[in-house]
Amino acid sequence: EADIYQTPRYLVIGTGKKITLECSQTMGHDKMYWYQQDPGMELHLIHYSYGVNSTEKGDLSSESTVSRIRTEHFPLTLESARPSHTSQYLCASSDPGRGDGYTFGSGTRLTVV
Amino acid sequence: SQQGEEDPQALSIQEGENATMNCSYKTSINNLQWYRQNSGRGLVHLILIRSNEREKHSGRLRVTLDTSKKSSSLLITASRAADTASYFCATVRSNYKLTFGKGTLLTVNP
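Here the protein sequences line up with chains Y and W, keeping their order.
Position 43 of the first sequence, counting from 1, maps to 43 under the numbering used here, and the rest follow consecutively.
Position 30 of the second sequence, counting from 1, maps to 30 under the numbering used here, and the rest follow consecutively.
Treat the hints with care, since some could be wrong.
Stated by the list, open to error - Derived CB-CB ranges, DEER-like:
id, chain 1, residue 1, chain 2, residue 2, range
1, Y, N53, W, T77, 28 to 36 Å
2, Y, T20, W, N30, 29 to 37 Å
3, Y, Y5, W, H57, 29 to 37 Å
4, Y, G40, W, Q14, 22 to 30 Å
5, W, N109, Y, H73, 37 to 45 Å
6, W, S51, Y, G14, 15 to 23 Å
7, W, S12, Y, Y50, 35 to 43 Å
8, Y, T20, W, A10, 49 to 57 Å
Hints in this document: simulated from the structure, not taken from any laboratory.
All residues carry an ideal CB built from backbone N, CA and C; glycine is no exception.
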């Protein structure tokens, strides 16, 4: 049902590795977002983008970076993963002009060992 | 701090009963949204209510919004086991960003 895709679904990686979490949407939404969520907890906005070449830091400080070179693609990169980065990362997009809510991907559950 | 706070944190009911979850927030909003999250998955948008609306229905869902009290409620009628999930309210201000509450874990027992 969702037109927003995140890969990988699960990732277990060693400390110090560089990782990129992929997020793509086929709805042509200008606005895209990355949220971080620990188990049983609320979602925290870590990055957002209002369009191509536009990226901003969210409300929760994060060592990750993002890029928005194409409308449909909004990858998140960690240059050097640490155990403190272990969490679930959720990507979302929206079209506020339509009055609908956000569309979320299924998330990437990252474990850094 | 987070904009929205849900109450209760956890709710356990029997199939067929109604479930009511409440949400409070702190600042003025454009709209308020409710989402469902099944265990370990992404969020699914349920319903959006604008700041100038007081009540909205969608199927078995009924949402109310009281901007004077900065609060909202989500009612699920005739609950089913498949409604078991976490439910989050989220507020939107003028910057399009969603700010989430801590969520209510709903368990519907068959």
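**Message:** Of all the hints numbered above, which does this structure not satisfy? Sort the numbers upward.
**Reply:** Violated hints: 1, 6, 8; rest satisfied.
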